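Asker: Single-letter residue listing:
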Amino acid sequence: MKFTESGWDEGCGLSEPIIRVDDVRFSYNPAGPRPVFALDGITLEVYRGEYLAVVGHNGSGKSTLARHFNALLLPTRGEVWVNGLNTRQRQHRLDIRRAVGMVFQVPDNQIVATVVEEDVAFGPANLGVPEAELRRRVDWALDVVGMQAHRRRAPHLLSSGQKQRVAIAGAIAMLPQVLVLDESTSMLDPAGRDEVLRAVRALNREGTTIVAITHFMHEAAEADRVIVMEGGRLAMQGSPRQVFGQVDRLRELYLDVPPITELAHALHQRDAAFPADLLTVEEMETEVMRRRHSPGASR
Amino acid sequence: MSAAQPVIQVTDLHHTYLRNTPLEVTALKGATLEVLPGEIAGIIGRSGAGKSTLVQHLNGLIRCRQPGKVIVDGQDMADPSIDLKAIRQKVGLIFQRPEQQLFERLVGDDIAFGPKKLGMPPDQRRERVRWAMEMVGLDFEQFKDRYTFSLSGGEMRKAAIAGVLALQPRVLILDEATTGLDPRSRKELLARMLNLHDQHGVTLILVSSNMDEVAQLADRITVMDGGQTVMHGAARQVFGQPEQLSRHGLGVPQVSALAHRLSQRGLTVPRTPLTVAEAAEELWRVLSS
Amino acid sequence: MESFEFLRNVTIGQYFEGHSVVHRIDPRAKITVLVVLAIVNGFMFSYLGNAVLLAVCIGSVLASGISFRFMLSGIKPALPFILMLALLQLLFSGAAYRPYGMPSQTYWQWDGLSVTSGSIQLVSITLMRFLEIFLLVSLLTATSTITDLAYAIESMLRPLQRFGVPAHELSLVGTIALRFVPIFAEQLETLMKAQASRGADFGRGGIFGFVKTARQLVSLLVPLFVDAFRRAEELILAMEARCYTGGRGRTRLVRFRMRRLDRAVVVAALVFAGLMLVFRDRFWF
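Protein chains in written order, with the working numbering: chain A, 1 to 299; chain B, 1001 to 1289; chain C, 2001 to 2285.
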């Protein structure tokens, strides 16, 4: 079931939370003289099927938060639940990591094998998936990301966008319910980013929950829900329109807004009737043309 | 801009890597580039277009031995007697992730590497290091004796860039230097580079895949695809052709795309806007007429 | 090293796709043949013996369809070392070394140095033996992907797992190391370019230039190691996220079956080796 904006607004949600973060605090040096808390009291839920974007400047804690979702990090205080399983419990770790897949920022540092399809098989092979099923999963995953043609190639000969797609294939071959993308597009050129986003969108359409950590605002604008982090805390939460509409607040947090939104904001300053929360070129185009054809009319 | 002699002139440049081996790959098939002194030039193109290969010819990292001509500050780079060190002092190159290139134990020593190689006496070296650190925003006294690897990522990046600035190049090439940076770091880096340009007349060459960045800063833009220069002109002119750019795997800044779509629907915006501020002005004028 | 193209010299580990007979032989068979021929190599001290072995090696390379010149070019960076060693051997080992199949004859002498038939033979066969091993190893990695080789080694070591040999872990270590060779080559290239851009010199001036380059290489090793550790940390995280917990219970994707051709090649190699070893003292030259 697709998570919708109105569902969120109503508060009850059309789907149940697949990840629950309960008042989590995290420090890399908890026992030290002056522990610094990268996460300072986060409570949040990730709903099944949603496309969640987490933004914030470097050091706001977004990657740290992401690594709590698959038990790569354990909270110093508080609890994290994935599918009802507590991440602190070792016996659940494999199940948790099977349910929550992760793709990292640097494409090269995730690829283990020297042949694309071998690397995609790495995850399920670790789970002991029998050989016939292994083959099926690898073929399916490569197909979803559009890398079937390159399945026997050496990874170092691929472009960074292709490598990242291989990494995604490797993660989804484990059939996770959630895919966390930790700044997975930041090292890519625009074409590579498009490739990755297309694959991610396709996965979300098929029901995979997506958590995208990113600092590209136009990517976050595609999400169902946006969370803004600052100093290890949740600073803002809402639909992209709600969040990006608050241009000044975002500037205080050292964040960008999509240029179109900034433009809408600037026009809104001059004419309060002009909507300040436009997100895409299409929306701006529509609004401008509408005003041309019926000047003086307001929304 | 007056008709000054270009500081960089590349004509019909070709380059093949690993020539005569089974792994041979042709990176450049006739690239051209012209950069005037004091301008900010942008080079854009999809990954694999040959941008890095092109700029590495400009400071002699790749020697011009295959067809084509590269003239830097009036000197032909194919001349075997050319003084490469002098060229590398004049033309500085900052790579992607420069913080990964630090190797000296102390920050000051690393930044002084370039001046040392140039044979500068210790006093002059010190002054250069001080100047370079000021340019990037690292306090000289506080950082010069710090252990390189004890710095934060951002501080290391600044130190690495200072290492290139210490040579006081007249032309500074940034090869995807902002890729992977978060918006705040990117803005800061570009502001400092702009400062270098405005206050010290340094010519900047930006190789970037970030269209907004290039639109904001570049005077003229060269577009590359498949090892060739496919478009060239003033920034406004290049970004006014989104269809052609998309054929070469490139986008345009959102505001430029907007103006183009509006003009296709009959609403002509006189100048292609490159920044939000310009777009706001243009649109306001259009909407209130 | 005026051109920074490191990949040019990395022939060991570089796989070249192809459909030759050599490519199609099961990697386990190839590894076995390599080991067998390496053993033979260890016992060859005659000109003729080495000529035969070298011919076999060259023939194998030709049969694979891979450019012979390109494979040889991988020796280029090591050439100064080799020539230096050859010269030392030529001049210093003459007195002690008794040549195979010929009387010891001194051609030149001065103080403690001498050039004898013995030292000439030693240098020659050492070079030939080095070349044989180099060609065999390069051929192995050129006609089988690293994954195939790692799979093969793991398969062959698997029976030893009951004795505590961590077959999977070893092969994974090997795979990852080889996977990152081109990455580190590129990283090293970037580092050298960055330093060259700041005025550093690389690779000028013959023997003494080489010493200077060695010092510079140390200044490159620091960031390279730091880079390696950083990548290792990230890789570990990625592997944990993909549920890696060691070799127990793992399945595998690729599978080879030994066919007649593979068995035939192994048998042929064993027969050849047998003959060479048995008759090693019968070569007349």
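Just so you know, these hints were derived from the structure itself, not from any lab. Be careful, since some hints might not be right.
[What the hints assert, rightly or not] Here chain C is said to cover these stretches of chain B; the calculated rule only asks that three of the stretch's residues, wherever they fall, bring their Cβ under 8 Å from a Cβ of chain C:
#: 1; segment: 1055-1068
#: 2; segment: 1101-1107
#: 3; segment: 1129-1142
#: 4; segment: 1162-1169
[Claimed, not checked] Keeping only pairs whose Cα atoms sit at most 20 Å apart, straight-line, the calculated SDA-like set for lysine to any residue is:
#: 5; chain 1: B; residue 1: Lys-1085; chain 2: C; residue 2: Gln-2216
#: 6; chain 1: B; residue 1: Lys-1116; chain 2: B; residue 2: Ile-1087
#: 7; chain 1: B; residue 1: Lys-1069; chain 2: B; residue 2: Asp-1083
#: 8; chain 1: B; residue 1: Lys-1085; chain 2: C; residue 2: Thr-2190
#: 9; chain 1: C; residue 1: Lys-2076; chain 2: B; residue 2: Arg-1105
#: 10; chain 1: B; residue 1: Lys-1116; chain 2: C; residue 2: Leu-2157
#: 11; chain 1: C; residue 1: Lys-2076; chain 2: B; residue 2: Tyr-1017
#: 12; chain 1: B; residue 1: Lys-1116; chain 2: C; residue 2: Asp-2201
#: 13; chain 1: B; residue 1: Lys-1090; chain 2: B; residue 2: Leu-1194
#: 14; chain 1: B; residue 1: Lys-1085; chain 2: B; residue 2: Asp-1073
#: 15; chain 1: B; residue 1: Lys-1069; chain 2: B; residue 2: Ala-1086
#: 16; chain 1: B; residue 1: Lys-1187; chain 2: B; residue 2: Gly-1137
#: 17; chain 1: C; residue 1: Lys-2076; chain 2: B; residue 2: Thr-1021
#: 18; chain 1: B; residue 1: Lys-1116; chain 2: B; residue 2: Gln-1168
#: 19; chain 1: B; residue 1: Lys-1090; chain 2: B; residue 2: Gln-1199
#: 20; chain 1: C; residue 1: Lys-2076; chain 2: C; residue 2: Pro-2182
#: 21; chain 1: B; residue 1: Lys-1116; chain 2: B; residue 2: Arg-1130
#: 22; chain 1: B; residue 1: Lys-1187; chain 2: A; residue 2: Pro-190
#: 23; chain 1: B; residue 1: Lys-1116; chain 2: C; residue 2: Ser-2073
#: 24; chain 1: B; residue 1: Lys-1090; chain 2: B; residue 2: Pro-1006
#: 25; chain 1: B; residue 1: Lys-1090; chain 2: C; residue 2: Asp-2201
#: 26; chain 1: C; residue 1: Lys-2076; chain 2: B; residue 2: Arg-1019
#: 27; chain 1: B; residue 1: Lys-1187; chain 2: B; residue 2: Gly-1154
#: 28; chain 1: B; residue 1: Lys-1085; chain 2: C; residue 2: Asp-2201
#: 29; chain 1: C; residue 1: Lys-2076; chain 2: B; residue 2: Ile-1087
#: 30; chain 1: B; residue 1: Lys-1144; chain 2: B; residue 2: Arg-1105
#: 31; chain 1: B; residue 1: Lys-1187; chain 2: A; residue 2: Asn-29
#: 32; chain 1: B; residue 1: Lys-1117; chain 2: C; residue 2: Pro-2182
#: 33; chain 1: B; residue 1: Lys-1085; chain 2: C; residue 2: Leu-2221
#: 34; chain 1: B; residue 1: Lys-1117; chain 2: C; residue 2: Leu-2221
#: 35; chain 1: B; residue 1: Lys-1187; chain 2: A; residue 2: Arg-251
#: 36; chain 1: B; residue 1: Lys-1090; chain 2: C; residue 2: Leu-2217
#: 37; chain 1: B; residue 1: Lys-1117; chain 2: B; residue 2: Glu-1104
#: 38; chain 1: B; residue 1: Lys-1085; chain 2: B; residue 2: Leu-1118
#: 39; chain 1: B; residue 1: Lys-1116; chain 2: C; residue 2: Gln-2216
#: 40; chain 1: B; residue 1: Lys-1117; chain 2: C; residue 2: Val-2222
Bear in mind the structure is a predicted one, so any value in this text is a computation, not a measurement. The beta-carbon is built from N, C-alpha and C at its ideal position, and this holds for glycine as well.
Asker: Taking the hints in turn, state whether each one holds.
Answerer: Hint by hint, here is what the structure shows:
1. 1055-1068: Held - the segment 1055-1068 of chain B has 5 residues with a Cβ nearer than 8 Å to chain C, which meets the minimum of three.
2. 1101-1107: Since three or more residues must qualify, the claim that chain C covers the segment 1101-1107 of chain B holds, with 4 doing so at under 8 Å.
3. 1129-1142: violated (count 0)
4. 1162-1169: holds (count 3)
5. B:Lys-1085 - C:Gln-2216: holds (16 Å)
6. B:Lys-1116 - B:Ile-1087: holds (16 Å)
7. B:Lys-1069 - B:Asp-1083: Holds, at roughly 17 Å.
8. B:Lys-1085 - C:Thr-2190: The given pair, whose Cα atoms are some 18 Å apart, holds under the 20 Å limit.
9. C:Lys-2076 - B:Arg-1105: violated (33 Å)
10. B:Lys-1116 - C:Leu-2157: Given pair B:Lys-1116, C:Leu-2157 is violated - Cα atoms ~54 Å apart, limit 20 Å.
11. C:Lys-2076 - B:Tyr-1017: holds (18 Å)
12. B:Lys-1116 - C:Asp-2201: holds (12 Å)
13. B:Lys-1090 - B:Leu-1194: Satisfied, since the Cα-Cα distance of roughly 18 Å is no more than 20 Å.
14. B:Lys-1085 - B:Asp-1073: Satisfied, since the Cα-Cα distance of roughly 14 Å is no more than 20 Å.
15. B:Lys-1069 - B:Ala-1086: Distance ~19 Å between B:Lys-1069 and B:Ala-1086 Cα, so the pair holds.
16. B:Lys-1187 - B:Gly-1137: holds (14 Å)
17. C:Lys-2076 - B:Thr-1021: Given pair C:Lys-2076, B:Thr-1021 holds - Cα atoms ~14 Å apart, limit 20 Å.
18. B:Lys-1116 - B:Gln-1168: Holds, because 13 Å separates the two Cα atoms, which is no more than 20 Å.
19. B:Lys-1090 - B:Gln-1199: holds (17 Å)
20. C:Lys-2076 - C:Pro-2182: holds (18 Å)
21. B:Lys-1116 - B:Arg-1130: At roughly 14 Å apart (the allowed maximum being 20 Å), B:Arg-1130 and B:Lys-1116 satisfy the hint.
22. B:Lys-1187 - A:Pro-190: Within the cut-off at roughly 19 Å; holds.
23. B:Lys-1116 - C:Ser-2073: Between B:Lys-1116 and C:Ser-2073 the Cα gap is close to 36 Å, so the pair fails against 20 Å, i.e. violated.
24. B:Lys-1090 - B:Pro-1006: With a Cα-Cα distance of about 14 Å, the restraint between B:Lys-1090 and B:Pro-1006 holds, given a limit of 20 Å.
25. B:Lys-1090 - C:Asp-2201: With a Cα-Cα distance of about 16 Å, the restraint between B:Lys-1090 and C:Asp-2201 holds, given a limit of 20 Å.
26. C:Lys-2076 - B:Arg-1019: The given pair, whose Cα atoms are some 16 Å apart, holds under the 20 Å limit.
27. B:Lys-1187 - B:Gly-1154: Status holds; Cα separation ~13 Å.
28. B:Lys-1085 - C:Asp-2201: holds (9 Å)
29. C:Lys-2076 - B:Ile-1087: violated (30 Å)
30. B:Lys-1144 - B:Arg-1105: Judged against 20 Å, a Cα distance of about 11 Å means the pair holds.
31. B:Lys-1187 - A:Asn-29: violated (31 Å)
32. B:Lys-1117 - C:Pro-2182: At roughly 29 Å apart (the allowed maximum being 20 Å), C:Pro-2182 and B:Lys-1117 break the hint.
33. B:Lys-1085 - C:Leu-2221: violated (23 Å)
34. B:Lys-1117 - C:Leu-2221: Judged against 20 Å, a Cα distance of about 19 Å means the pair holds.
35. B:Lys-1187 - A:Arg-251: holds (13 Å)
36. B:Lys-1090 - C:Leu-2217: violated (25 Å)
37. B:Lys-1117 - B:Glu-1104: holds (14 Å)
38. B:Lys-1085 - B:Leu-1118: holds (7 Å)
39. B:Lys-1116 - C:Gln-2216: Holds, because 14 Å separates the two Cα atoms, which is no more than 20 Å.
40. B:Lys-1117 - C:Val-2222: holds (19 Å)
The structure does not agree with the numbered hints 3, 9, 10, 23, 29, 31, 32, 33, 36 stated previously, though it agrees with the rest.
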